[in-house]
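Top to bottom, those sequences are chains A and B.
First residue of the first sequence: 16, per this note's numbering; consecutive thereafter.
First residue of the second sequence: 16, per this note's numbering; consecutive thereafter.
Just so you know, these hints were derived from the structure itself, not from any lab.
Keep in mind that the hints are not guaranteed to be accurate.
Any copy will do: because identical chains look the same in the list, a pair fits if it lies in one copy or spans two.
Here are the simulated EDC-like cross-link-like pairs (lysine to aspartate or glutamate), alpha carbons at most 16 Å apart as the crow flies [stated by the list, open to error]:
#1 K32 - D233
#2 K98 - D18
#3 K114 - D221
#4 K48 - D254
#5 K32 - E78
#6 K32 - D101
#7 K86 - E28
#8 K90 - E28
#9 K98 - E56
#10 K32 - D221
#11 K229 - D241
#12 K90 - E78
#13 K91 - E40
#14 K229 - D18
#15 K86 - E51
#16 K90 - E56
#17 K91 - E51
#18 K98 - E240
#19 K32 - E166
#20 K91 - D46
#21 K86 - D227
#22 K32 - D227
Here's the letter readout for the chains.
Protein chains: 2
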Amino acid sequence: MIDENVLQPLHTEPAYKLAARTMRERILNGDIKVGEVLPSELALADLLQVNRSTVREAIRLLEENGIVSRKPGGKKLFVSIPKSTDLSGPITGAMILQKVTLNELFRTMHVLEPAIARDAALYASPEQIAALEANLAQTEAQAGDDAMLSELDIAFHNLMSEACNNRAILLSRQPISELFYPAFDAVMKRLNAGERMLAAHRHIVDAIRARDPKTAEDWMRRHIEDFRRGYELANLDIDLPIARLPRSGTED
Amino acid sequence: MIDENVLQPLHTEPAYKLAARTMRERILNGDIKVGEVLPSELALADLLQVNRSTVREAIRLLEENGIVSRKPGGKKLFVSIPKSTDLSGPITGAMILQKVTLNELFRTMHVLEPAIARDAALYASPEQIAALEANLAQTEAQAGDDAMLSELDIAFHNLMSEACNNRAILLSRQPISELFYPAFDAVMKRLNAGERMLAAHRHIVDAIRARDPKTAEDWMRRHIEDFRRGYELANLDIDLPIARLPRSGTED
Numbered sequence: 016m017i018d019e020n021v022l023q024p025l026h027t028e029p030a031y032k033l034a035a036r037t038m039r040e041r042i043l044n045g046d047i048k049v050g051e052v053l054p055s056e057l058a059l060a061d062l063l064q065v066n067r068s069t070v071r072e073a074i075r076l077l078e079e080n081g082i083v084s085r086k087p088g089g090k091k092l093f094v095s096i097p098k099s100t101d102l103s104g105p106i107t108g109a110m111i112l113q114k115v116t117l118n119e120l121f122r123t124m125h126v127l128e129p130a131i132a133r134d135a136a137l138y139a140s141p142e143q144i145a146a147l148e149a150n151l152a153q154t155e156a157q158a159g160d161d162a163m164l165s166e167l168d169i170a171f172h173n174l175m176s177e178a179c180n181n182r183a184i185l186l187s188r189q190p191i192s193e194l195f196y197p198a199f200d201a202v203m204k205r206l207n208a209g210e211r212m213l214a215a216h217r218h219i220v221d222a223i224r225a226r227d228p229k230t231a232e233d234w235m236r237r238h239i240e241d242f243r244r245g246y247e248l249a250n251l252d253i254d255l256p257i258a259r260l261p262r263s264g265t266e267d
Numbered sequence: 016m017i018d019e020n021v022l023q024p025l026h027t028e029p030a031y032k033l034a035a036r037t038m039r040e041r042i043l044n045g046d047i048k049v050g051e052v053l054p055s056e057l058a059l060a061d062l063l064q065v066n067r068s069t070v071r072e073a074i075r076l077l078e079e080n081g082i083v084s085r086k087p088g089g090k091k092l093f094v095s096i097p098k099s100t101d102l103s104g105p106i107t108g109a110m111i112l113q114k115v116t117l118n119e120l121f122r123t124m125h126v127l128e129p130a131i132a133r134d135a136a137l138y139a140s141p142e143q144i145a146a147l148e149a150n151l152a153q154t155e156a157q158a159g160d161d162a163m164l165s166e167l168d169i170a171f172h173n174l175m176s177e178a179c180n181n182r183a184i185l186l187s188r189q190p191i192s193e194l195f196y197p198a199f200d201a202v203m204k205r206l207n208a209g210e211r212m213l214a215a216h217r218h219i220v221d222a223i224r225a226r227d228p229k230t231a232e233d234w235m236r237r238h239i240e241d242f243r244r245g246y247e248l249a250n251l252d253i254d255l256p257i258a259r260l261p262r263s264g265t266e267d
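One chain only, chain A, in its complex shape (with noise of 0.2 Å):
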């Protein structure tokens, strides 16, 4: 008899999954371009031998990770660059199902966000800097309206991601604050710190408008350490799990 180890069950991998590794190899090895439109279904279907409805099931994995979309409102698919916001849906409904704590995101934020302030301060295009006055003034001007106050907060630590100019930590650094600020925005809004929040966005731009790194890295972490002080004393335990946050759809 044969050794029992010559013959093993087979793990083989669904054909549309096959299908859609095989497509997405060209494309990140270049062999189908960005911008190129894919061939149709059938085309396809006849390309890589397969059903139509494989190659279906195929495109519908490469649109769900951005790699292949449609203009809107239009049928042809295109190959394209995803962008850091397509993808942080499975990344954040991972965290909310290992019960990831508000802590460990502080402790996450807490490294990159004074880190991408001192970069920022180094790298910012003159567009990037306009582009945070901007959202200071419309937070002078907001003073008040707390919701406002919250999506301009948010707005503003999007925009200093992007004026870091590094696309790596953007990348990484989308999932954890989409989860990071709305929870602690709530938090401020009940303390009253807009003025708190203000002054740190102001001395963080003065910063990166100076060119001066290590202020604008010393104030960004005064200011994220604010947000630990504020669900403090609000009596929060910050090392309970995030929960699912009531923004239908924002994560899909």
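Got chain A sorted already, so can you dock chain B onto it with the hints?
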């Protein structure tokens, strides 16, 4: 005539996406619990009042995101907690298509890895320290075997990221590390930098064992800076985009 803004083209969500989103929300808000067996396709189709093929496509999206999975060899679908390694593929793909540079990866790791070392010194469990020590012993035994050293180096940094006990950092770091270490280890090999690597790892593990966050952080920073120096010594351009790595399948 009515104002043209009153009726605009509908952007309807395809049924399979709506079904996936609906199931995902029920899972994330805890209505469907982790570990539960998902109802059959037929039962789900009946509950959601959609076609069975729509349900199948929705489930494939959930499987892709790791929140639904099968036991090896099994057919039944369970609600599951996605792991960081399940979710890195779309992000590494985005970084490749965005033509992220090695320098961006370096700058990100230069921020993350020292912070991870600091937190590992504070929070690593005895088991996690033992795992780091075992990796170190293996690295000492393998001096000279470059391929093996590279694998052990990647494993070392992955163990570190677990030892910091922050799953938000673990998730956000994973795709970057998958691109960073292979690219830089290729250079280290040429430069015979095994000795320097081993010394750095040894100092880091010693500092973690001694619960000395500052020393762990400082040594990790030096160690990461060595990667950059090695790259420059090899006369390679750190501002070039990362390329698709010749390790097919690892990111899927």
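Evaluation of the provided hints:
no.: 1; hint: K32 - D233; in the structure: neither (47 Å within a copy, 44 Å between copies)
no.: 2; hint: K98 - D18; in the structure: neither (50 Å within a copy, 34 Å between copies)
no.: 3; hint: K114 - D221; in the structure: neither (38 Å within a copy, 31 Å between copies)
no.: 4; hint: K48 - D254; in the structure: neither (46 Å within a copy, 22 Å between copies)
no.: 5; hint: K32 - E78; in the structure: both (13 Å within a copy, 11 Å between copies)
no.: 6; hint: K32 - D101; in the structure: between (20 Å within a copy, 14 Å between copies)
no.: 7; hint: K86 - E28; in the structure: between (31 Å within a copy, 14 Å between copies)
no.: 8; hint: K90 - E28; in the structure: between (29 Å within a copy, 14 Å between copies)
no.: 9; hint: K98 - E56; in the structure: neither (25 Å within a copy, 32 Å between copies)
no.: 10; hint: K32 - D221; in the structure: neither (50 Å within a copy, 44 Å between copies)
no.: 11; hint: K229 - D241; in the structure: neither (19 Å within a copy, 23 Å between copies)
no.: 12; hint: K90 - E78; in the structure: within (13 Å within a copy, 26 Å between copies)
no.: 13; hint: K91 - E40; in the structure: neither (21 Å within a copy, 29 Å between copies)
no.: 14; hint: K229 - D18; in the structure: neither (66 Å within a copy, 54 Å between copies)
no.: 15; hint: K86 - E51; in the structure: within (12 Å within a copy, 38 Å between copies)
no.: 16; hint: K90 - E56; in the structure: within (12 Å within a copy, 28 Å between copies)
no.: 17; hint: K91 - E51; in the structure: within (10 Å within a copy, 39 Å between copies)
no.: 18; hint: K98 - E240; in the structure: neither (29 Å within a copy, 29 Å between copies)
no.: 19; hint: K32 - E166; in the structure: neither (39 Å within a copy, 27 Å between copies)
no.: 20; hint: K91 - D46; in the structure: neither (19 Å within a copy, 37 Å between copies)
no.: 21; hint: K86 - D227; in the structure: neither (41 Å within a copy, 53 Å between copies)
no.: 22; hint: K32 - D227; in the structure: neither (49 Å within a copy, 46 Å between copies)
Of the hints listed earlier, those the structure fails to meet are numbers 1, 2, 3, 4, 9, 10, 11, 13, 14, 18, 19, 20, 21 and 22, in rising order.
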